[in-house]
Amino acid sequence: MVTCLATTSNVPAADACAHLMRSFPQVRALVMCGIALGVPCPGDPERDVRLGDVVVATGGVVHYAHRRITETGGALRGPALPASPLLLRAVNEVRALALSGGPHWAGAVGLPSAAYRRPAPGEPRVFHGKIGSGDELLRSAARRDEIARQDGLLALEMEGAGVAQSAALNGAGCLVVRGVSDYGDAAKSDAWQPAASLAAAAYLRALLEHLAPARPAASPLTLLDVAEALERVPSLQTPSDRDDVLQLLGPAIAGRVKRDPRTRQAVLSLADVCFRYPDGLERLLEVLRRLEGDSEPVRALATLLSEFCAQAP
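Position in the sequence shown (from 1) plus 36 gives the number in this note's numbering.
It cannot be assumed that every hint is accurate.
Claimed, not checked - Between beta-carbon pairs, the in silico distance windows are:
#	residue 1	residue 2	range
1	Asp51	Pro275	43 to 49 Å
2	Arg326	Arg83	22 to 28 Å
3	Ser225	Ser342	23 to 29 Å
4	Arg312	Gly158	41 to 47 Å
5	Asp51	Gly158	36 to 42 Å
6	Glu182	Pro48	35 to 41 Å
7	Glu343	Gly95	17 to 23 Å
8	Asp280	Thr258	22 to 28 Å
9	Ala178	Ala54	33 to 39 Å
10	Ser59	Glu343	17 to 23 Å
Simulated from the structure, these hints should not be mistaken for lab results.
Every value quoted in this text rests on a predicted model; they were computed, and no experiment measured them.
Quick reminder that beta carbons are idealized off the backbone N, C-alpha and C, glycines included.
Using the sequences plus the hints, can you model the full thing?
Below you can see the structure in the form of structure tokens.
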């Protein structure tokens, strides 16, 4: 599903996200794709974002205006809004393909017209980190650098926080992908907007090719679906982490689960044993909540388990 905003800023973005998810409740994750101002950092090639480059918010979205202000300074009210684990897996596959010398993602979308042609030669780079989101239309390099410096931001835009927060409140993940169209300084212009938007769209197209097709709505959930959700929980990523979870579940369950260094096989055995044990899946969810809190992977698991148990005879 695709939707466009009627205007800029985080409030309309959150409203559009909420309406989209109400209309299509099967949506598991959203991508906010568009343009942003980049924060140049001369002398640091790992952070020197330039026009036409793409910034992917793998470090989350920072609502930089949502701060507690005191006489001694200010601090963010809460951490960065995290990126979707499902989409981060696809991001890592795109990065791995680039390292192996595969086709450059910029060719994933053809040139719609000459207006979208990149003004300067060379292929765009991809930067991974935090993107700031607020309602300021910046034309001040000093203000840009002040915001970026205090929160370690690579780019700034005006909708990502609204989408990420709305997605989280509706039980879905989010990823923000932005093409850099200007630097938010006095020389700001629209000249790079077509090329930057095309770069972001091309990256997104390449990203989507690395995602598994969505499960048909009519397909019943299986233990494999439960195992895939468990794979995304940080507390189950290593054998030692899984042993800690088993210890909290108790010997009746732990003694039946097969130990396996491979995450998929280990969590599949865990899901099977918990499914067969009275209230086993509920106990597993309780343990993971104790370890993880109300994290996005745990919320997604809770939703899936609710659907899985509801369809059981």
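Hints, one by one, checked against the model:
no., hint, verdict
1, Asp51 / Pro275: 43 to 49 Å, "holds, 45 Å"
2, Arg326 / Arg83: 22 to 28 Å, "violated, 37 Å"
3, Ser225 / Ser342: 23 to 29 Å, "violated, 50 Å"
4, Arg312 / Gly158: 41 to 47 Å, "violated, 58 Å"
5, Asp51 / Gly158: 36 to 42 Å, "holds, 38 Å"
6, Glu182 / Pro48: 35 to 41 Å, "violated, 26 Å"
7, Glu343 / Gly95: 17 to 23 Å, "violated, 31 Å"
8, Asp280 / Thr258: 22 to 28 Å, "holds, 26 Å"
9, Ala178 / Ala54: 33 to 39 Å, "holds, 35 Å"
10, Ser59 / Glu343: 17 to 23 Å, "holds, 19 Å"
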